[in-house]
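From first to last, the protein sequence lines stand for chains A and B. Position 489, counted from 1, in the first sequence is what this note's numbering calls 489; the numbers after and before it change by one each time, with no gaps. Position 109, counted from 1, in the second sequence is what this note's numbering calls 109; the numbers after and before it change by one each time, with no gaps.
Derived from the structure by calculation, the hints contain no laboratory data.
Computed cross-link-like contacts, DSSO-like style, restricted to lysine-lysine with a CA-CA straight-line distance of at most 27 Å:
hint, chain 1, residue 1, chain 2, residue 2
1, B, K9, A, K239
2, A, K158, A, K3
3, A, K244, B, K9
4, A, K90, A, K3
5, A, K239, A, K6
6, A, K481, A, K3
7, A, K244, A, K6
8, B, K9, A, K316
9, A, K481, A, K7
Facing chain A, according to a computed beta carbon distance under 10 Å, are these residues of chain B, among others:
hint, residue
10, A29
11, N115
12, Y138
Predicted, not measured: the structure shown is a model, and the values here were computed from it. Yeah, the Cβ is synthetic: ideal placement off N, Cα and C, and Gly gets one too.
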Amino acid sequence: MFKTEKKLVGWHIVLALSSLSIGAFFGPLQAWEHAGWNLYPAMQPYIASYYQGLTLHGILNALVFTTFFITGFLTYVVATSLDRPMRYPKLSWAGFFTMVVGLLLAAVPLLLNLASVLYTMYPPMMAPWYFYVGMTVFVVGSWMSGWSMMITFATWRKDNPGATPPFQAFASVITMVLWQICTLGIAAEMLILVIPWALGLVPGIDVQLARTLFWFTGHPLVYFWLLPAYVSWYGMMPKQADGKLFSDTMARFAFWLFLLLSTPIGFHHQYVDPGVPAGWKYLHAILTYAVFFPSLLTAFNVAASLEYGGRQRGGKGLLGWIKKLPWGDPSYTAQNLAMIIFILGGAGGVINASYNVNLVIHNTAWVPGHFHLTVGTAVTFSFMGIMYWLVPHLTGKAIQRRVALWQAWLWAAGMLIFSRGLHWIGLLGAPRRTMLGVAIDNYGTGEWQVASMMTGVGGTILLISGLLFFYVIIHGAFFSKEEVVVEIPFAEPLTDEVVPAWLNNWKPWLIAVFALIIIAYAPMIINLVTDGAAFSPGFVVWK
Amino acid sequence: MMHIDRLEKIYIYISIAVLVIFTIAITIAGFALGIQVPSPSQLIDPNTVASTGPYSEPGLRELSPGNYELYIRAEASPWRFYPDEVTVPLNSTVTFHVTSADVQHGFKLQDTNVNFMVLPGQESTLTYTFTEIGDYPYICTEYCGVGHQNMYGVLTVE
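Only chain A is shown next, with the shape it has when bound in the complex:
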């Protein structure tokens, strides 16, 4: 069963982990640089600077690893939860190969230090045109995988009129629809502004407009990362804990709200931009608070589902059920630790979103401290946990569970220390995306030294955890002799409550999504297009 889909997800994981192995390699180097141990001179001439490494770290981890894993994993979830193969598997394969071509095209200038522009690619820093074309082609490939999922889902609905699709397939398709809609911003930035400019067809670029289009995609991007973890938290982890999904309907409601609210909030990344009026920033601040609501719903629903599991396993009392959760299962443990750490990440996110409070931390090291708890842990750590059942499921060979458990606890410990250091030094005023080991001598204080040492210690623990992760996966996939049969842990709803029709009807939701985006974005984008701002030529400032 699902031979093609298994191959698809397998190859996506190979590409995802290959990218992660290079991208993550730079993480400890950055942490050590902050702590005063700069290894970059030793990497000449292969890696020209801290910033070339930082560019690879951001692009390979946050864009390439995530997108490969998500498109592969969700493809498999859609097919298996609907219990039907992909309608057009060739479209999924075409998407995969398109992503590979895009990646290779972008990898060349990245590795040659021709495109050390960080993952935000802010103009008027100008990389070679084929870097931008490669990144665009990569995103188009992920669209094709998304179309394949949407078509399969639509075919299922046609064949099962009036039936409610399984939560896992529904939530996966919502994620890909969200991705399709929100990436229109970066597609417009690349195709209309950046690529013609990098090709020399136009003399300059409107920097404020480009930033605005980038962040149109930039915030929903984090929900594209997060929602596949939520698919697992809602739709799989309860099963792993012998529980059931507490409220299937509220889970679906939360996913609709994510689709509705995660795009029209991009200005909260631009609170300190000169070209956007405070009133528009304030509107996006309120909408950003609104998108916390479905995450708060998620916290209750997932915790209730796991509590039900803990009690089924014999847990008693107010908190006694927590002890009975399957803490011996590395797949479960990694994801449960990830969601606990996400509580801290979410709290930090509320601070970031809080309009004028944001002035204290904007562009400081607090921000990478925050997103290493969210994308670096809630998301990446959950994906690691998912791979701890998914890889044995695909290969039929067991992983070394004890090593994987060590990996999980070390990741949690390392990330808490590392991230605490970055949050702290950020509150003290240290900028993000900066060689802090040098900056401390320029304008830091003694307290900065202590905080930066914490990032160094945390980064070292994360390096050990990362090495253990790759050991567990490679050993399990290629060297393990122990045969094992692992089922996909699809959780069932706790009640047989009928999902109301308005949670099954796409049209009104999609109309609302576009209406809200137009209200939140159209006037400002029209204003920026027509304001007559001077264009900037390109600059290369990283050699």
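Chain A is fixed; fit chain B onto it per the hints.
The following block gives chain B in isolation, referenced to the frame of chain A:
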């Protein structure tokens, strides 16, 4: 509608109440107490900014006693703020005007709420009143090339 568990309902009401309270807090802070994020000032041509207009001769200008405007031009390669040393008397009110002659930069005056992006084509402004003596570094907070970590200036209040 649909069935919602009683405890979940209570939780939902609390969640909404918390978000409403936060909204009220940032609204009061922003619009009653005046702790505000930057808004558009004027458009600047980055191609001529170093040769014409106020940014060709950046620096401090006294508008009235205790009231200053400070024009700062950010440049990469070499990575510098022009000027990078400024001195004002205690209790001065300074309006910062900053723009870029090349790539994107950031501007953060340490230990204050003066924090904004510096973009080519745009002027960033915020106003701050200095009520404490000391050195306030202003640092570049956006990656602007390999010399970014050395890009800063110091405003001295005496």
